[in-house]
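Enquirer: Here's the letter readout for the chains.
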Amino acid sequence: AQSVTQLDSQVPVFEEAPVELRCNYSSSVSVYLFWYVQYPNQGLQLLLKYLSGSTLVKGINGFEAEFNKSQTSFHLRKPSVHISDTAEYFCAVSEKGGSEKLVFGKGTKLTVNP
Amino acid sequence: NAGVTQTPKFQVLKTGQSMTLQCAQDMNHEYMSWYRQDPGMGLRLIHYSVGAGITDQGEVPNGYNVSRSTTEDFPLRLLSAAPSQTSVYFCASRPPRGRGYEQYFGPGTRLTVT
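Protein sequences, first through last, are from chains A and B. In this text, residue positions in the first sequence follow my numbering: the first is 1, and each later residue adds one. In this text, residue positions in the second sequence follow my numbering: the first is 1001, and each later residue adds one.
Wrong hints could be hidden among the right ones.
[As the list claims (entries may be wrong)] Okay, derived cross-link-like pairs now, DSS-like style, lysine-lysine, Cα gap no bigger than 30 Å in a straight line:
| no. | chain 1 | residue 1 | chain 2 | residue 2 |
| --- | --- | --- | --- | --- |
| 1 | A | Lys-109 | A | Lys-58 |
| 2 | A | Lys-106 | A | Lys-96 |
| 3 | A | Lys-101 | B | Lys-1009 |
| 4 | B | Lys-1014 | A | Lys-49 |
| 5 | B | Lys-1014 | A | Lys-58 |
| 6 | B | Lys-1009 | A | Lys-106 |
| 7 | A | Lys-96 | A | Lys-109 |
[Stated by the list, open to error] Simulated coverage check for chain A against chain B, where a stretch passes if three residues somewhere in it have a Cβ under 8 Å from a Cβ of chain B:
| no. | stretch |
| --- | --- |
| 8 | 43–54 |
| 9 | 96–102 |
| 10 | 105–114 |
What the hints contain is simulated information worked out from the structure, not anything from laboratory work. Glycine is no exception: its CB is placed at the ideal position from the N, C-alpha and C atoms.
Work out the full structure, taking the sequences as your base and the hints as a guide.
Expert: Structure below.
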């Protein structure tokens, strides 16, 4: 069965600084990988996804993530954050050809300070 | 399209009461799922369905029942509510593999059991 570990539960940064949110996964088969964002008191919105092909994936709001198969990682990055990026970010994995379940990490709360 | 809709938005139950959380989607998605979100735990899969008449258990199914009689609806039933079921519940749906890979989430139902 697949699993996801988000290495930081909270990440505080200053506005305009770069940020990296770390995600590692475990699976015995090939996977699809996702990052979702949840703004306060809202539902989840897809930021980006990796299905196949290029390992660098670009998403909405200037975020990107890199799939590293050897490290089983899918870290999320943004070169310069804004106050409006304050939210909780979830990494998720789904096994290719498997049960179709989407398994989430525990989330990373990003706080952008002025 | 309304997307994924959930009712009610908020609910307070007493221990031992039963209720049904409603979820509907108008995108003709075959795959639907229910998650619960608790602080520091991320989203945990309760039950999922790959099509009408087919359901299966997720990570935390105890105390919950589901059925899928139509493609559009996927209700979640709490048989005898317990304080441990206080949580935010999200319903999600996804197209069949090959026509889409990301899940679309509803706005959530915040449930308090006293």
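Enquirer: For each hint, tell me whether it holds in the structure or not.
Expert: Taking the hints in turn, this is what the structure says about them:
no. : hint                      : result
1   : A:Lys-109 with A:Lys-58   : 21 Å, holds
2   : A:Lys-106 with A:Lys-96   : 22 Å, holds
3   : A:Lys-101 with B:Lys-1009 : 25 Å, holds
4   : B:Lys-1014 with A:Lys-49  : 40 Å, violated
5   : B:Lys-1014 with A:Lys-58  : 46 Å, violated
6   : B:Lys-1009 with A:Lys-106 : 23 Å, holds
7   : A:Lys-96 with A:Lys-109   : 28 Å, holds
8   : 43–54                     : holds (count 6)
9   : 96–102                    : holds (count 4)
10  : 105–114                   : holds (count 3)
Hints 4, 5 from the earlier list are contradicted by this structure; the remaining hints agree with it.
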